[in-house]
Amino acid sequence: MNGGERRIRIMMVDDHPLFREGVAAVLASQRDIELVAEAVDGEEAISQFRIHRPDITLMDLQLPGMGGIDAIRNILAEFPQARIIVLTTYQGDMQATRALKAGAVGYLLKSTLRKDLLFTIRQVHDGHRHVPSEVARVIAEHVGDDVLSMRELQVLGHVAGGYSNKRIATHMGISVETVKTHVKNILAKINARDRTEAVVIAMRRGIIDA
1 MNGGERRIRI MMVDDHPLFR EGVAAVLASQ RDIELVAEAV DGEEAISQFR
51 IHRPDITLMD LQLPGMGGID AIRNILAEFP QARIIVLTTY QGDMQATRAL
101 KAGAVGYLLK STLRKDLLFT IRQVHDGHRH VPSEVARVIA EHVGDDVLSM
151 RELQVLGHVA GGYSNKRIAT HMGISVETVK THVKNILAKI NARDRTEAVV
201 IAMRRGIIDA
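UniProt numbering applies: residue 1 is where the sequence shown begins, and numbers increase by one.
Hints are computed from structural coordinates only; laboratory data are not their basis.
Please note that the accuracy of each hint is not assured.
What the hints assert, rightly or not - Straight-line alpha carbon distances no greater than 20 Å define the calculated EDC-like cross-link-like pairs of lysine to aspartate or glutamate that follow:
no. : residue 1 : residue 2
1   : K110      : E197
2   : K184      : D194
3   : K110      : D41
4   : K110      : D15
5   : K166      : E152
6   : K115      : D194
7   : K189      : E177
8   : K184      : E197
9   : K110      : D194
Stated by the list, open to error - What follows is a list of derived Cβ distance ranges for each label pair:
no. : residue 1 : residue 2 : range
10  : V147      : G65       : 37 to 47 Å
11  : F79       : G157      : 31 to 41 Å
12  : E43       : D194      : 14 to 24 Å
Backbone N, C-alpha and C define an ideal beta-carbon position, used for all residues, glycine too.
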């Protein structure tokens, strides 16, 4: 790299110090990349972006306070040219779909960072998008699926919390029969045999948080 050539400026957003240190060490070994800012939640990510205007933002989705998806939307609303790569442990299609719809241009699984991080940063900086083949495949498998309604997502969240139909009905102010109808529709839409399998599938796909 020539002395006058500009480095790719990176902001890292993740609430785990050891993970940030690991990524920072990898970036520090590259002559064409520099880490210029770090943040631990969505609010700090927005404020740090305003100060540093990084070329690439590495954004975890699971953050305290404002999550990664909302942070992506807020940053892009203010800085439409921002290029954001999502870092996550989840390869579920709903997580990826939400991130890409929010405006992320890259999606990286934390389990593959050792081999994919630097390549993806350079690809995105050059104007390309990057979604791992395994994530793209899962998205394609479910592209025609019925989307759960907000009510169904609320019911599913309560099911994941171990609530009975009666308790869900009381909590949501609806009848037990209505809860049963929602559960039946949920099972059909995500192709689950029972409530337990529905929760497992929903967590794996990122429909609800694990």
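Going down the list of hints, with the structure as the test:
Note on K110 and E197: the hinted pairing is violated, with a Cα-Cα distance of about 26 Å set against a maximum of 20 Å. Between K184 and D194 the alpha-carbon distance is near 9 Å, which keeps this suggested pair within the 20 Å criterion. The suggested pairing of K110 with D41 holds, with an alpha-carbon distance near 17 Å, which does not exceed 20 Å. A hinted pair counts as satisfied when its Cα atoms are at most 20 Å apart, and K110 with D15 qualifies at roughly 14 Å.
Simply put, K166 and E152 have alpha-carbon atoms about 16 Å apart, close enough for the 20 Å limit, and the pair holds. This hinted pair does not check out: K115 and D194 have alpha carbons roughly 38 Å apart, beyond 20 Å. The straight-line distance between the Cα atoms of K189 and E177 is roughly 18 Å, inside the 20 Å bound, and the hint therefore holds. Distance restraint check for K184 and E197: the Cα-Cα separation of roughly 13 Å lies within the 20 Å cut-off, and the hinted pair is therefore satisfied.
Straight-line distance between C-alpha atoms of K110 and D194 comes to about 31 Å, which puts the hinted pair past the 20 Å bound. For the hinted restraint 37 to 47 Å between V147 and G65, the CB-CB distance of approximately 27 Å leaves it violated. For F79 paired with G157, a C-beta distance near 32 Å keeps the hint of 31 to 41 Å intact. Taken as a hint, the range 14 to 24 Å is violated for the pair E43 and D194, whose Cβ atoms sit roughly 40 Å apart.
When held up to the earlier numbered hints, the structure conflicts with 1, 6, 9, 10, 12 and fits the remainder.
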